[in-house]
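Take the sequences, apply the hints, and build the full model.
Protein chains in written order, with UniProt numbering: chain W, 1 to 514; chain H, 1 to 327.
No lab work stands behind these hints: they were computed from the structure.
Quick reminder that beta carbons are idealized off the backbone N, C-alpha and C, glycines included.
Treat each hint with caution, since some may be false.
Unchecked claim - So, partial list: chain H residues that the calculated Cβ filter (under 7 Å) puts toward chain W: (1) P92; (2) D93; (3) V160; (4) D161; (5) V181; (6) R273; (7) G291.
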Amino acid sequence: MTILSRRRLAVAVVSATALLATACSGSGDKEQQASSNELTVMAPLFGTAPDPSGELQQAVEKLVGKKLKITWVPNAEYGDKTNVTLASDSIPDLMVVNEKGPSFVKAAEAGAFWDLTGKLDKYPNLKPADEQTAKNTTVNGKTYGIYRVRPLLRSGIVIRKDWLAKLGLQEPKTVDDLYAVAKAFTERDPDGNGKKDTYGLIIPKWPGFYASASPYDVVETWFGAPNGWGERNGKLVPGFDTPEFLTAERWLRKWVTEGLVNPDFATLDSANWNDPFVQGKGGMIIDVNVRATQLLDLFKEKNPKDFDKVTLVGNLSLPDGKKYSYPFTGYNMVIAVSKQHIRTEEQLDQVLQALDKLESKEGSVLLTNGIEGRNFKADGKYAVPINQDDPKVKAIQNDVDKAFIQLGTRASVGMGAYQLKPNDAASRAMREEFDVLMNEDLKTAVFNPVLGVIAPTSISKGQSLQNIIPDARIKYLSGAITEDQLKAEIKRWYDSGGTQIAKETNELAAKVGG
Amino acid sequence: MATDLAPNQVVPPAAEVKQAPPRKPRRPLGRELLRYRWLYVMLLPGLAYFALFKYLPMYGLTIAFKDYVPFLGYSGSQWVGLEHFRELFTGPDFGRLMFNTLLLALLTIVFVFPAPIVVALMLNELRMKVVKRSVQSLIYIPHFLSWTIVASLTYLLFSVDFGVIAGWVHSLTGGPKVDYVAQAGWFRPLIVLQLLWKQTGWGTIIYLAALAGVDSQLYEAARVDGAGRWRQFWHITLPAIQPTIVVMAILTSGHLMDSGFEQIWLMTTSLNRDVADVFDTFVYYVGITQGSFSYATAVGLFKGVIGVVLIFGSNRLAKRLGQRGLF
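The structure is reproduced here in structure tokens:
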């Protein structure tokens, strides 16, 4: 190696090192100096991410008068990504977030997000439409976000209509009827293949925690157990600490022992929940009502000529006629405003005005239906898809359905936007049935009185506690533990911090008025 | 390595000792630096890499001793001392986590660690090169599959509703159908089986490389002296790969507390959580899904410290036993 080439090599090495060093130090703090007419947003995504220069985003940006920089995060990892984002030093200006998550509560209470309590009333489209729901979204009396409305009562039972007809059965009205249907579906060969290869009910391993709208929670409510928390003898107690809870579990355990439930219920991934139903292995699913239309579509995909095989039944009553229905929270996550770049009240006002435009009628239509005349046309209260063969229009439709609809806070209950017109009679009838069942079941809905309350201990110690009850429930149902052991697990919940949580919940509920 | 043996240590077999090079006369550091300046310059990128990506991030470990709130940042969060460690050691989960982690580690040492050695030795005895090569390639393919796929395969084969193997066992024994993936008792056997299937073939590579390095003259000499294949194996092959085994064992010991997060997480269900929870999954669960960053960091730090202690300990032990050790 000559001197010259050696020197050249050295220069190269040194400059590469320097480059590396500057590249690393530079990326940290800056770049996030958002200008006042740009908003950064984080929202869930249900398919492929929209093109930021796509037609729909252009239209939305034009409407709100701000440039949007949206981070779309696949829904499956949204929770994790939220926590990681909250731990980082760049929180987006607007964030769709579960306002009850421990990391959000901690961040909000440390002042990372705007407390919007009492601030929303002057924005016509952000003002809460429903007092009860607004209360449900609060964190110990404070509003940290604009809630995304969902129908208040969506629980129901999807049943194979053709199996009912074949066995000459009626749609169930009481829990005993349901048991009879499940028994018949299991033992009387509803698919007519001469083999005993079907079961009544399909349940998955539930990814969420206690009182998170699982089929188990719905059934417990039918039996009169509280929805999450309830008042017993003047005190608030967790739902699993009631005799009704145990009655419901005993009833369900009988189903499991008699083989009326899919044998792999403890391990079936909820992502594959539809499969056994569509394959004709099981005949019922207890879940949100939209699963009925989903299943109808799947049957239609399989055989467009003969697909009307699904019916939806609402919540059930007890044999003595008492009825308790399982309501949802009335919303699904909130849009929170970060304080990182939006520092003054004036800036906040600007952002809220932009959001108000986004949630106006015009905005709702954009977010929920798309661009009128491009991908849909209005037909009364319905939106009818058009030009879907054009790839550009298809892109708009995708951006609406898989992404932008997540930014809408009001449209999903028919405020502002059009409803999608179902393209066959069966789906249309099913959709209309949703409203009928909801109005009927709302009369007997059991609400969770402490949705707006979060005990500090459940934030600091929740990690050791949250799995105890749902795990014990599944273990009991599958026969791995006895009822005494189930009770012991409930006691373990109290002993490892639950007592403190119950105490704090009662105190807080008394203070903020539940 | 052989040069810095302490005087009171056992000297390894004569064949392996290299003569220590004569000590160079000491020169001032400045002249040394100047003389080898281009080598030192070339060292810089490596040093920069380690400083930036390995040592600088360690500053973040301080949050284990703080009540970290991201919004307030590293400097703004309050110090709480050993509070999180106290919570960990006295908390209801600690005993179970420790037991599960250690038991899985033990199972790994007993079943998974020797497997590549045995397979490599068996492959080495094969005389047909083609067979040897193809077997070797075939068994290391699973290494390239992700844990997600391995877990799905396990569910496909062992679940009660549609599992093929579960079905075979059922029809062979005539007993009741067993739900292998749901029962807590089958959790550890399945984990070990998965590890064996996925990692054994890959692990053989390093041992086969060691075996390839054995001087064939040794075998010839042994044959001349009348040693059979068993004798050759016992007196030549095995001693030849012994240092490799020791080094691998020391390296493995550092990872004893790493139970393989992905694998465990994917195999965990409500029914087996009691036996499945290990430090790795706990850190993820507490840190990412619950947002208790400080606590999770404390748990991770504890795990890391144990790993370091184990590496140094086993290295020491190896030297005590007359092996060369890692450093």
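Quick rundown of the hints versus the structure:
| no. | hint | in the structure |
| --- | --- | --- |
| 1 | P92 | holds, 5 Å |
| 2 | D93 | holds, 6 Å |
| 3 | V160 | holds, 5 Å |
| 4 | D161 | holds, 4 Å |
| 5 | V181 | holds, 5 Å |
| 6 | R273 | holds, 6 Å |
| 7 | G291 | holds, 2 Å |
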